[in-house]
Each structure stands twice: as C-alpha cells, then as structure tokens.
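Asker: Quick mapping for you: the protein sequence lines, in order, are chains A and B.
If you count by my numbering, then the first sequence holds residues 1 to 271, one letter each, in order.
If you count by my numbering, then the second sequence holds residues 1 to 551, one letter each, in order.
Hints in this document: simulated from the structure, not taken from any laboratory.
Note that the structure is a prediction, hence the values are computed from the model and not measured.
Certain hints may be false.
[Stated by the list, open to error] Derived DSSO-like pairs: lysine-lysine, alpha-carbon spacing no greater than 27 Å straight-line:
no.	chain 1	residue 1	chain 2	residue 2
1	B	K446	B	K390
2	B	K333	B	K298
3	B	K298	B	K390
4	A	K58	B	K216
5	B	K39	B	K298
6	A	K242	A	K196
7	A	K126	A	K243
8	A	K196	A	K58
9	B	K267	B	K488
10	B	K446	B	K208
11	B	K109	B	K446
12	B	K436	A	K242
13	B	K335	B	K277
14	B	K208	B	K267
15	B	K436	A	K58
16	B	K277	B	K333
17	B	K335	B	K304
18	B	K267	A	K243
19	B	K117	A	K58
20	A	K126	B	K436
21	B	K390	A	K126
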Amino acid sequence: MQNMLSRLLLPTVISVIAFVGVYYWQSKAALELENPQIITGWALGAAIVFLLIFNVRKRLSAFNLGLAKVWFALHVAFGFLTIAFFVIHAGVFWPIGVYEQLLAAGFWLVSLTGVFGVLITIYFPKRLTNTGLEIVYENIPEEIFSLRAAVEDILVNCAKECGETTLQEHYSETLAWYFRRPRFYWSYLIGSNADKAWLTRHLDSVRRYLNAEEMGYLDQIQNLAERKSLVDEHFARQDVMKKWLLMHLPLSILVFAMSIWHVILIYSYAI
Amino acid sequence: MDPVVAQERIDRPSRWDVAFDPEMSDADFSMLMGRSEIKALDPGAFPRSAPLDGLVRHDMRVNRYEAGEIVVREGDYGNSAFLILEGELLIARSPGIPEEQLGRSREAKRGVLPRLKTLLGNANIPEQRDTDRYQHRNAGAKNSVTRGAFLQDVPAIIQEGDIVRLAEGTFFGELAALGRVPRSVSIFAEKPAVVMEMRWQGLRDIMKVDRDWRKKINDLYRSTALDSYLRQLPLLKGLTEEQFGELTNECLFETYGGFDWHVSFNKSKADEPTIAKEGDYPDGLLVVRAGFARVSQKFGNGQKTLTYLGAGDMFGLEELLQAWRGGHEGEFKLKNSISALGYVDVIRIPVTVLESHVFPYIDVDALPVTTQPNEATLSDTAVMEWALDKRYMNGTQSMVIDLDKCMRCDDCVRACASTHDGNPRFRREGEIFDRKMVANACMHCKDPVCMIGCPTGAIHRSMETGSVLINDDTCIGCATCANSCPYKNIVMVPIRGKTGAVVRDSAEQGGQPIVKATKCDLCAGIAGGPACVRACPHDALSRIDFRDFNG
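Extracted from the complex, chain A is given alone in its bound form (with noise of 0.2 Å):
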C-alpha cells in the first residue's frame, strides 16, 4: 500500500498541476465570454486518449516503452483527473439529450468501474496471500476435480472398511452439492464466514451416527472440504480479479468512440 501511494505521488501531483491550470484557463475564457467548455472539453479528451494509451502499451511487449507500474500510477491518478474534468465540463447535473445521457452513464460506469479495480488491486491480493494457497486460476476446475475424486475414494474405502453407508448417504445428500464446484462466490468477496458455517453444519450434523473408525474417515473429509474452502475463495476472487477488466476495458472503448461522435456532433451544430 504504501509503495503504491509513494508511485502515486507524482502522477498525482502532476494531475492536481494540470486541473487548477485547465480551471483556471476555462474560469479565464468564461470571464471573457469565450466557450470554457471547449478547453474543458479538449481537456477531458485528451486525458482519455491518455488513459486508453495504458491499454496499447501492454500490448506492445517487445518495445521499451517504460516500465508498466509507472503507467498503472499514471493511469490511476488521471483517471481521478479525468473524472475532475468531466465534472466541469458536464457539470453535475445529469445531461438532456438521449445520446448524452447514453455518454454520461458509459463514463460514470467506466469511471466507477475503474475505482473498483485500483480497490480491488489493494485489497484482494492480500486476501489471497493470506489463505496460505496458491493456485492459478485456470486450474481450479481441475484442482476441485482431484479434491472431488479424493473424497469419493474417502467414501469408498469407509464403506468398505466400516461396512456402514451412514457416511456415503450423507455426503450424497449434502456434501456432494458443495464438492460439485466451486461454492459460496459471494461470500468470500463480502468477506464472510457462510462457507465454513455450512460445512460445520453439515460436518456435525452426522457425526453423532458413526462409530470411532467412520469419523476418522469423516476428518479426512473434513481436511479436503478446508482446502476446498481456500479453493473457492481463490476462485471467486481471482473471476473479479479477471473479469472486472472485461467490463472496463470494452465500456471505455465505448466511450472513446461515442466520445468522437460527440465531438463531430458539438463541431457540426453547436459551435
């Protein structure tokens, strides 16, 4: 976190610099009856061509083109300033027209999208790190598959060993749903304990029908369904971690695009 602020220092300090002087030029123009919104708007381009810029750039791997943490604070820290331009240039009022209205929602969406991913980007990772496990996204299936496997020879062995079905009924009725895949999505991003309730629940709730040799199966399940639980966590937070870029990225092409509508519309009719 701190590291963060200190590469945030600069690109903010930047930021604040060119908002009091596009402020001050378009105060300037309206003491001057000239259109301010024009420097404003100008102003308001300008810093999302910049931010789109950030996109490029990733894409461009095989050329130094500076290092991506200095963009990633850069793009942080105009954004902020590009929501400050935004607001003097549309005021805060909500727009008129449809397709300003249409504008103003892609940019607010965009802009509220983005906040989430830099929170995101402070606050998930720690979350995973601290669950102990580390696993990458994509094999998740293959890792709640193997957990799956492991507990259904679990099942197998007991019924064999003990010669009693209490433990396999229950499974098939309950448990089984919470191995099926990945559980419990939102809980884990609110933060809450909703998975390890249910799987104490339905853990203790059969334990009281099996004898010494049945429950030391039970906790050998009982240790896989733990590690099912970070599993799931892992899952849930990396899908935001991934996806949430899915909706800001393509929404911010949207309104680059519809920006340049705008532009043609304000140059052929308004000014």
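Go by the hints and put chain B onto chain A.
Answerer: Chain B alone, transformed into the frame defined by chain A:
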C-alpha cells in the same frame, strides 16, 4: 490443426550437425590427429556414438592468430579450452589489458521489424520456426565472437604489465570451460600462433575415456584455479611475489560435494558434506572459490543457519586472528560449522602460512568480519533456511513475485509469450515463503548445472552478460538440460513449422515430434530488460540476486 495442414518433416537434429569449425580442412584434421596429445589416446576406448575422430573433426578447430590478436578476454564466459600448437601466447596478468582495448562485442539487439512481427504474427501458433535454417545451419558458424579483436600497442602492454608466457604444448582455458566461471585473465598472441580450440563437450568426453587426460586436466584445473584465484584476494594483495610463491605452494585446493550435485538434489536427497565442524581446531583459513557453503551453529537438536558463503568469502578468519593475537594462549575452536551446499571449491590456507606470510604484513583491523553475531530469531532465519534448502542461493536473476501485490492478471506471462514465439518462457507457479513466490523461471544461476550434460553446447553463457541462453539452432532436443535443472525451469516444447503443423522427423526415424529446450533468456536483444518485469503494473514482479532477496 495437424490433420488439415501439410506435415513438415526434418531430419532429427544430432550432436554433430554443427561442427565447431564446419570448414576444417583435411590438412588441419590430419595435423590434429597426428599431435602427440591425440595420438596418445586409444581410439578403441571411445564409444561408437562419440568416436575419437568425430570429436576431433566436430569438437575441435584450429585457430591461426595474428600478432596482437586477443585469444581470450578476462571476464568473458567461455565454453572452450585451448592447446597451443605453434608459437606462444601471453597472459597479461597485472594490471591486465585496458578494458577499452579488449574489443568486447555487444550482443545484437532485436530490430524493430522482428519486434513488430510479435504483434502481427499468428499468436495461435506457438513455437513456430523456420525449419529451413536447421537444414542450413553449418553456414556462418566459423568465427566465434572472440576472433578479430586486436591489441593496439602490444609492446607497451608487455613493457608495463606482468606478463606470463605460455609455450607450445600448453593447455589453458579449462577453468572457465569446465568450471562455468568467467575467464580469469586475458591472453593474446605477440607473434603469429596456431592454437587448437576444443569445445568443452569434447574435452569432457575425452576426459571420460582417458585417465591421463583426466589427471592432467584436473591437476591443471586445480593449480590454475588456485593461482589465479589467490591473486584476486584482497587479503593477499600486499604480498611480494616471493611470499606469494611460498603461499601458493602451501595452499590446499579442496572440493566438497559432487560437480553434478543436481542429480542427488533432483532425487530429493540433498547432500551437504561437512567441511569443518563447530568446536574443531581451526587449522587454516577457508576461502570459497566456487559454489556455496552454509555456515551454521548448533541450536537445540539441529543446526541454525547463520549465513551462506559464496565465491570470495572466507571462513575461520576471526578464530585464527584471535589465536595469533593471543599468542595461542588458551583453547581456540571454530565457533561455527561449514558445509557444502551441493558443490563447493575451497582453498585452505594453512595457519602456519598465514602467521608467517600474511598476518604480520597486513592491517588486520581492516579485515572484514566473516560472520555476524547470532542475534536473529528462528523466525528471522526461517527464510534463509528455506532458501538454502531449496538451493535458491544459486540464482542471480530469480523471478520473485510479491503475492501481496500480484493481481494474478498474467500480464507478465502474456508479455513473455508475445516476445517469445507465442509461448511464455516461465510458469507463474513456484515455491512460496510467506508472501514471496519464486516463480518457475530460469534463475541464470551462478553455477548453471544445466550446462553440464549438453552434448552440443547449445546451452551456454552469454559472453557479454553471463546469462544462460539456449541456441535454438544447435539444440537437438535431448532434454539433458531440462532434466538437470534442479529447479525445473527448462521446458521441452514441440516446434511447429511454417504451416503451423508440429514438425516431425522422417518416418524411418519414427515420425516423432521435434522438440527444443526453452527457457527464460531475460529477453536478450530487447532494450529495457525482461518484458515480464516491465509488464507488471503492480510492481509485484522482480528479478533479483538471491542475496537481495535474503536481505
């Protein structure tokens, strides 16, 4: 994809597809075969896969040096050894040859067009190769990058420097070739000279077969290593040539652990032979020449690691100085133990030599302390214990990911893939300690054991940077390097031809896919350093020397 595109077949690459000198004349070949050093070898003792005449034809070459031409440069990483056939060569020992006169070559940078191609190329077909170049790879392989550099003022260098003359029949260069370390001196020709240069793979094969060669090279290796190394030690800088000569005669060159330590390490049996034990009498100063050693102290029922030593580090100096200053009154024992982490070369300077030739003539107060007081808690040292057990001290460019910052976005993986034939050269997986992950990326080891078994020398050190690279043209896909790497950081991949189909060998050879070894090359030839580091937006990924990781 394969069934619908045209199959592409090439001959399976083999060790001697690319000779060291593809244009070696028959006269040179006969001359080499007629040399007493070669004639002494028994051709019948060599295996059919690597016969003696094959070794001479493919792993040796005859270099004719002009007056003033540089043969080897100090600091370069070399993969070959030399035998002087005619004339003599000169070693410029001290002060050496000025850096600007060494004419070091710079690695070629990748041009704009090939880099643009990474954007435009078909990203869905990874590891695509122009297989024509494998069929014509003999061309242009003759001159190594050391050739063609001439000294401007040879008489001045001879007049000003400490020169050693190497006569006809002298063997040299084996230290860098076998030890995987940089050349320790620069050698040049004062007058025209003829020199046989031998790839280290060939040298290794001859040493395997012939006991005399083995003994000769091993003895030479030890004496050369000892002499050249002792001269670099700050502790011995003030000695006269006479004192130095006596010191060299008394010093012992010791080796602990196997050169191929990775074999037992890969079998999860990490050997760690003890060099000196806590409580023993310190009979000499131990100086690490190559490899690594663990310094530890008894703690509870185990050993607590205090630090590790690498090349140039010393062990036992404090105890020896204490004994010398105190006039050997009282009982002096080693405070710590030292053991070999895999493989280590140690020079033992006996206590008698130190007390007669070294301690009286140096400022002992200015000497560095070898081990720090042991005040760290077990939690503090846990990272060191973990890293040494995993042998990560070997890495000079380990990829370390701070998981508290990593968004798992795989920008690093994509950047790597886009600069390397559409296939990343590392895996974002690996051993984790606390919040740091050492990812499965080539660490460009100080001691790259992956190079040991390579039959063609395809895996080599960059002369300029020392990083470990694979020459795709000469890799025959034998997977020896991949199996040797203790960290599993080399991956064998099937290659695809221009059509996108997996390239296979001919039906007579079995029709099997042609594979090549791939690994991180630190984005050699691309300005700005490794793409993975440049691509990480969250400052989570870094390439570090293990000493920095530990610190």
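Asker: Run through the hints listed earlier and report the numbers of any the structure violates, in increasing order.
Answerer: 4, 5, 8 and 18
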